[in-house]
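Visitor: Okay, here's what each chain looks like letter by letter:
2 protein chains.
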Amino acid sequence: MQHSIQQVSIALAQVNFKVGDIDGNLERISMAVADAKAQHHDSDRPLMVVFSELAITGYPPEDLLLRPSLQHRVEASLQEVAKLSADVAIVLGYPWHQDGKLFNMAGVWSQGEQIARYAKRFLPNYQVFDEQRYFTAGADTCVFDWQGHKLGLTVCEDIWHEQPIAESKAAEAELIININASPFHLGKLQQRRELLSNHAQRHQLPIVYVNQVGGQDELVFDGASFVVDSAGELVMSAPEHESTVSLVDFDSSLNVQVKQTVLAKSELASIYDTLVLGVRDYIEKNGFKGIVLGLSGGIDSALTLAIAVDAIGKDRVEAVMMPFKYTSSMSMEDAKLEADALGVSYKVLPIEPMYDAFMLTLEDEFAGLARDTTEENLQARCRGVMLMAISNKKGYMVLTTGNKSEMAVGYATLYGDMVGGYSALKDVYKTIVFQLSRYRNELATSQGEAEIIPERVITRPPSAELAPDQIDEDSLPPYDDLDQILEFYIEGDLSVDAIIAKGFASDDVKRVTRLVDLSEYKRRQAPVGVRMTARGFGRDRRYPITNGWKAGS
Amino acid sequence: MQHSIQQVSIALAQVNFKVGDIDGNLERISMAVADAKAQHHDSDRPLMVVFSELAITGYPPEDLLLRPSLQHRVEASLQEVAKLSADVAIVLGYPWHQDGKLFNMAGVWSQGEQIARYAKRFLPNYQVFDEQRYFTAGADTCVFDWQGHKLGLTVCEDIWHEQPIAESKAAEAELIININASPFHLGKLQQRRELLSNHAQRHQLPIVYVNQVGGQDELVFDGASFVVDSAGELVMSAPEHESTVSLVDFDSSLNVQVKQTVLAKSELASIYDTLVLGVRDYIEKNGFKGIVLGLSGGIDSALTLAIAVDAIGKDRVEAVMMPFKYTSSMSMEDAKLEADALGVSYKVLPIEPMYDAFMLTLEDEFAGLARDTTEENLQARCRGVMLMAISNKKGYMVLTTGNKSEMAVGYATLYGDMVGGYSALKDVYKTIVFQLSRYRNELATSQGEAEIIPERVITRPPSAELAPDQIDEDSLPPYDDLDQILEFYIEGDLSVDAIIAKGFASDDVKRVTRLVDLSEYKRRQAPVGVRMTARGFGRDRRYPITNGWKAGS
Numbered sequence: 001m002q003h004s005i006q007q008v009s010i011a012l013a014q015v016n017f018k019v020g021d022i023d024g025n026l027e028r029i030s031m032a033v034a035d036a037k038a039q040h041h042d043s044d045r046p047l048m049v050v051f052s053e054l055a056i057t058g059y060p061p062e063d064l065l066l067r068p069s070l071q072h073r074v075e076a077s078l079q080e081v082a083k084l085s086a087d088v089a090i091v092l093g094y095p096w097h098q099d100g101k102l103f104n105m106a107g108v109w110s111q112g113e114q115i116a117r118y119a120k121r122f123l124p125n126y127q128v129f130d131e132q133r134y135f136t137a138g139a140d141t142c143v144f145d146w147q148g149h150k151l152g153l154t155v156c157e158d159i160w161h162e163q164p165i166a167e168s169k170a171a172e173a174e175l176i177i178n179i180n181a182s183p184f185h186l187g188k189l190q191q192r193r194e195l196l197s198n199h200a201q202r203h204q205l206p207i208v209y210v211n212q213v214g215g216q217d218e219l220v221f222d223g224a225s226f227v228v229d230s231a232g233e234l235v236m237s238a239p240e241h242e243s244t245v246s247l248v249d250f251d252s253s254l255n256v257q258v259k260q261t262v263l264a265k266s267e268l269a270s271i272y273d274t275l276v277l278g279v280r281d282y283i284e285k286n287g288f289k290g291i292v293l294g295l296s297g298g299i300d301s302a303l304t305l306a307i308a309v310d311a312i313g314k315d316r317v318e319a320v321m322m323p324f325k326y327t328s329s330m331s332m333e334d335a336k337l338e339a340d341a342l343g344v345s346y347k348v349l350p351i352e353p354m355y356d357a358f359m360l361t362l363e364d365e366f367a368g369l370a371r372d373t374t375e376e377n378l379q380a381r382c383r384g385v386m387l388m389a390i391s392n393k394k395g396y397m398v399l400t401t402g403n404k405s406e407m408a409v410g411y412a413t414l415y416g417d418m419v420g421g422y423s424a425l426k427d428v429y430k431t432i433v434f435q436l437s438r439y440r441n442e443l444a445t446s447q448g449e450a451e452i453i454p455e456r457v458i459t460r461p462p463s464a465e466l467a468p469d470q471i472d473e474d475s476l477p478p479y480d481d482l483d484q485i486l487e488f489y490i491e492g493d494l495s496v497d498a499i500i501a502k503g504f505a506s507d508d509v510k511r512v513t514r515l516v517d518l519s520e521y522k523r524r525q526a527p528v529g530v531r532m533t534a535r536g537f538g539r540d541r542r543y544p545i546t547n548g549w550k551a552g553s
Numbered sequence: 001m002q003h004s005i006q007q008v009s010i011a012l013a014q015v016n017f018k019v020g021d022i023d024g025n026l027e028r029i030s031m032a033v034a035d036a037k038a039q040h041h042d043s044d045r046p047l048m049v050v051f052s053e054l055a056i057t058g059y060p061p062e063d064l065l066l067r068p069s070l071q072h073r074v075e076a077s078l079q080e081v082a083k084l085s086a087d088v089a090i091v092l093g094y095p096w097h098q099d100g101k102l103f104n105m106a107g108v109w110s111q112g113e114q115i116a117r118y119a120k121r122f123l124p125n126y127q128v129f130d131e132q133r134y135f136t137a138g139a140d141t142c143v144f145d146w147q148g149h150k151l152g153l154t155v156c157e158d159i160w161h162e163q164p165i166a167e168s169k170a171a172e173a174e175l176i177i178n179i180n181a182s183p184f185h186l187g188k189l190q191q192r193r194e195l196l197s198n199h200a201q202r203h204q205l206p207i208v209y210v211n212q213v214g215g216q217d218e219l220v221f222d223g224a225s226f227v228v229d230s231a232g233e234l235v236m237s238a239p240e241h242e243s244t245v246s247l248v249d250f251d252s253s254l255n256v257q258v259k260q261t262v263l264a265k266s267e268l269a270s271i272y273d274t275l276v277l278g279v280r281d282y283i284e285k286n287g288f289k290g291i292v293l294g295l296s297g298g299i300d301s302a303l304t305l306a307i308a309v310d311a312i313g314k315d316r317v318e319a320v321m322m323p324f325k326y327t328s329s330m331s332m333e334d335a336k337l338e339a340d341a342l343g344v345s346y347k348v349l350p351i352e353p354m355y356d357a358f359m360l361t362l363e364d365e366f367a368g369l370a371r372d373t374t375e376e377n378l379q380a381r382c383r384g385v386m387l388m389a390i391s392n393k394k395g396y397m398v399l400t401t402g403n404k405s406e407m408a409v410g411y412a413t414l415y416g417d418m419v420g421g422y423s424a425l426k427d428v429y430k431t432i433v434f435q436l437s438r439y440r441n442e443l444a445t446s447q448g449e450a451e452i453i454p455e456r457v458i459t460r461p462p463s464a465e466l467a468p469d470q471i472d473e474d475s476l477p478p479y480d481d482l483d484q485i486l487e488f489y490i491e492g493d494l495s496v497d498a499i500i501a502k503g504f505a506s507d508d509v510k511r512v513t514r515l516v517d518l519s520e521y522k523r524r525q526a527p528v529g530v531r532m533t534a535r536g537f538g539r540d541r542r543y544p545i546t547n548g549w550k551a552g553s
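For the record, the sequence lines run as chains A and B. Under our numbering, the first sequence has 247 at position 247, and the numbering climbs by one with no breaks. Under our numbering, the second sequence has 438 at position 438, and the numbering climbs by one with no breaks.
Derived from the structure by calculation, the hints contain no laboratory data. Take the hints with a grain of salt, since some may be wrong.
Listed next, the in silico DSS-like pairs over lysine-lysine satisfying Cα-Cα at most 25 angstroms (straight line) [said to hold, decoys possible]:
id: 1; chain 1: B; residue 1: K550; chain 2: A; residue 2: K289
id: 2; chain 1: A; residue 1: K522; chain 2: B; residue 2: K522
id: 3; chain 1: B; residue 1: K101; chain 2: A; residue 2: K550
id: 4; chain 1: B; residue 1: K550; chain 2: A; residue 2: K550
id: 5; chain 1: A; residue 1: K289; chain 2: B; residue 2: K83
Here are a few chain A residues that face chain B, going by a calculated C-beta distance under 10 angstroms [what the hints assert, rightly or not]:
id: 6; residue: S69
id: 7; residue: P350
id: 8; residue: D483
id: 9; residue: Q484
What the simulated footprint calls covered on chain B by chain A, stretch by stretch (three residues with Cβ under 8 angstroms from a Cβ of chain A suffice, anywhere in the stretch; the number is not a length) [to be verified]:
id: 10; segment: 35–45
id: 11; segment: 158–171
id: 12; segment: 243–249
Remember, it's a predicted structure, so these values are computed and weren't measured experimentally. We put the beta carbon where it would ideally sit given N, CA and C, even for glycine.
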């Protein structure tokens with residue numbers, strides 16, 4: 001069968017780039033182009049492969065963008081991109097210096113030459129984004145001709161504004177290509193699709209949305225590239241959290257010929273897979289041999305262990321139980337059950353000897369001073385030092401096990417349970433930790449496997465076991481309340497009075513928010529970890545440590 | 001004697017504000033107004049008191065600016081400012097919401113009312129500054145009438161550009177008021193004065209430059225407010241590093257009537273005083289009882305101890321020597337000499353018992369694995385845990401002793417010698433550590449006191465003493481070379497090839513720059529510390545940890 005020249009194929013290349021690794025990224029681009037060509041069986045139909053924002057450098061390159069040698073490295077790589085485009089059109093993003101300014105550029109190559117380029121016009125400078133630190137905003141719309149069609153080109157944030165798409169439409173674009181580096185947070189996928197669906201409908205323009213995938217320090221890019229047609233309907237969706245090249249055939253009116261959508265993941269699946277991808281990419285991209293973590297018998301470390309194993313496999317994970325006199329026998333049993341269920345290496349290393357050695361040496365120094373949290377912190381720090389020694393000796397990274405609720409109120413010991421290179425649950429509230437644990441168990445049982453996390457670990461009251469019969473809720477409101485207060489304060493920026501007005505106990509709100517403010521110094525020294533809310537404790541939230549803000553209205 | 005109404009007095013109020021502490025800052029403003037009035041003896045001469053940028057919130061408020069309750073707090077405080085202005089004009093900065101946008105505003109009050117206001121036009125979004133994260137740029141020039149004079153109003157960065165001053169001149173301004181929050185870094189004072197002198201001369205306009213003073217986390221504002229006349233000459237300068245209110249009398253042509261300048265400090269004095277102020281304000285604004293630090297017998301901890309004592313006094317400082325078998329007797333002697341010279345409390349707490357307890361417990365875990373840096377790190381971590389225990393028990397903050405050269409190449413142990421709430425030397429290269437030590441000794445001897453830092457601590461080869469006969473330069477280039485390579489790489493963003501081309505050994509450059517890149521994860525968990533170069537390891541340098549950038553051209 002003979003196609004008209006106006007029928008085209010567009011491949012959405014959802015690639016896991018590595019920041020700064022220009023040569024490696026070029027190789028990844030080249031492989032994705034080959035993949036697209038291999039899927040493309042109709043030689044009469046022109047093919048375009050679309051990559052994500054700043055594909056050449058990976059996103060976000062941060063201050064690597066300030067290096068003077070960036071430009072000639074990018075130039076050299078674009079010459080290779082041009083060569084790759086001999087028989088296929090390529091769209092991708094790259095940083096570009098011109099007239100003493102740096103632009104966040106999207107380029108189009110065809111038949112060995114760049115045929116169009118566009119400088120991003122809306123530069124996000126909020127949340128985790130610092131684009132105005134580096135880039136100058138572009139001023140022009142870009143609608144280019146390809147195979148008899150007029151295509152509009154935009155970069156990420158541009159599509160969240162009205163102007164670029166409206167001006168592309170006015171310039172007779174028939175379809176909009178939007179290249180992205182859009183990190184995951186809860187609810188973001190729906191947000192993107194609704195917004196683009198509305199845009200498409202209003203302007204009667206199909207939109208091809210390509211996002212990168214993979215973990216880069218605290219950010220996890222979830223991929224989930226998609227196409228909406230001119231009626232705003234989702235006609236193609238790529239999987240979440242996976243590197244893929246998805247070929248889409250368009251008819252001569254640029255309608256998608258075969259609808260191909262995958263079901264969106266459930267919220268919990270989506271969070272869990274984000275955590276796994278974040279951990280995996282941090283480990284693999286930084287070249288660690290494996291993961292070592294402290295298993296306490298509690299739920300946070302149990303869930304973190306499951307994530308570690310799902311990320312890099314049981315053979316590269318070592319779990320260490322470090323009991324002290326306050327460790328219950330139940331915790332000892334549960335930790336072993338968890339390690340056995342996942343099949344990881346498991347060690348028991350008691351901390352009494354070093355704890356006692358410290359206390360003895362400090363006897364004079366502490367003479368006459370009452371017992372307080374110092375002794376609890378000392379236990380946590382003996383564990384931290386032990387994990388770091390194993391890490392140093394074996395090249396395994398310590399994966400930290402604390403959750404967002406703890407990190408928020410400072411219920412974590414600096415240089416103790418906070419040691420580690422990366423944190424899986426840093427942005428996961430405790431109430432979600434419970435849900436994810438049940439989710440992971442159900443995943444196991446639905447596949448005919450045994451539960452990973454013993455039921456009683458999920459149901460018994462959480463305890464740090466740093467003092468006799470201690471439980472978390474002795475000194476904190478119940479987690480259901482705590483997490484809501486935290487969310488209002490941290491993610492909603494509400495004042496203390498406004499949170500109290502929502503129906504929480506005044507003392508609880510004052511105490512919790514005060515703890516959040518007082519703990520800023522701890523968070524500043526915490527390992528990076530997966531961001532999964534719209535405000536994580538990383539580049540997202542820039543707070544003064546020295547801070548005289550008083551609670552109130 | 002009767003003055004014409006056009007003769008005026010302007011007080012430069014160089015105040016140490018506290019970020020977020022709106023009520024406290026209002027109190028500080030009120031006290032400075034009272035101080036200015038007390039100095040002002042000529043009731044016929046109208047008085048204006050000029051404060052710094054964002055005086056109401058302190059600078060930088062960071063994400064406190066995102067709180068919805070900011071606006072009504074600022075509103076309430078501005079009502080108080082209006083009251084204060086009954087008999088004196090007041091100029092100060094504050095954040096202000098209008099039409100859904102936030103502006104970095106400067107206001108003028110007189111006779112109980114706001115008579116002018118101006119929104120900052122140039123918003124710095126580089127180095128440590130994130131102003132475009134929060135603020136919208138203003139569009140208008142502000143020249144206001146006061147006592148028969150026309151005064152132009154600008155905020156900080158505005159004066160570094162041509163437009164605001166040129167437009168003020170065109171609008172017939174006779175004098176420019178420029179309110180600032182300009183942090184110290186090496187050479188900044190000269191830079192400011194030269195720039196403003198040129199501007200003043202070119203536009204034939206005197207400029208009143210007011211800067212805040214004091215430490216706020218990593219930033220130290222050095223004050224050093226000044227006035228240049230319309231010929232560009234420095235006719236008034238306020239002291240560096242001190243809270244002051246300086247009254248300046250102007251004649252009816254707005255010429256300064258009596259020249260009053262203080263000598264600029266030497267470079268070393270200026271650095272040293274910046275470090276002292278940074279430490280003092282971190283301790284006092286955060287309410288710590290005192291400082292505890294580890295004294296090793298080496299030069300970094302010796303200098304840090306001197307800074308601590310100069311910051312908060314010897315009675316609130318405790319020094320701890322934690323010897324191990326590799327600690328030389330010379331180090332033991334020198335540490336004691338240093339503590340005695342400054343008169344601080346001094347303890348000796350050996351780390352053998354806990355080190356041995358860890359190694360014994362880890363015996364099976366480490367079986368068959370060779371001795372490596374793990375054992376060195378373990379020593380450093382035993383010391384870190386000990387210092388933190390003392391810190392927790394006594395409410396003393398651990399002051400970290402590492403320098404910039406070490407932090408750059410990662411010659412520091414995470415959770416070991418890196419523990420602490422604040423770091424004095426974080427942005428001070430080792431070569432400057434030597435110079436500052438001599439400077440501090442000369443200061444002592446010039447005042448007839450004994451040397452603080454024993455000569456041989458300055459002259460003997462630096463060693464971490466973590467292994468037998470170890471010295472730093474065994475594994476690093478000499479510090480003179482190292483620091484230059486680091487400065488080219490970190491502050492100059494030069495490529496490896498470009499640094500080699502400057503004449504350094506290729507192997508050294510490759511090794512050092514590689515170490516810098518590999519150590520990013522450590523720096524991310526380091527305590528905040530004084531910034532004193534144009535690129536410190538804080539908000540200033542935003543680097544990916546996961547980073548595939550390869551050395552080369």
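Visitor: Decide, hint by hint, whether the structure agrees.
Guide: Hints and how they fare:
{"no.": "1", "hint": "B/K550 <-> A/K289", "result": "holds (21 angstroms)"}
{"no.": "2", "hint": "A/K522 <-> B/K522", "result": "holds (15 angstroms)"}
{"no.": "3", "hint": "B/K101 <-> A/K550", "result": "holds (24 angstroms)"}
{"no.": "4", "hint": "B/K550 <-> A/K550", "result": "violated (47 angstroms)"}
{"no.": "5", "hint": "A/K289 <-> B/K83", "result": "violated (66 angstroms)"}
{"no.": "6", "hint": "S69", "result": "holds (4 angstroms)"}
{"no.": "7", "hint": "P350", "result": "holds (7 angstroms)"}
{"no.": "8", "hint": "D483", "result": "violated (20 angstroms)"}
{"no.": "9", "hint": "Q484", "result": "violated (18 angstroms)"}
{"no.": "10", "hint": "35–45", "result": "violated (count 0)"}
{"no.": "11", "hint": "158–171", "result": "violated (count 0)"}
{"no.": "12", "hint": "243–249", "result": "violated (count 0)"}
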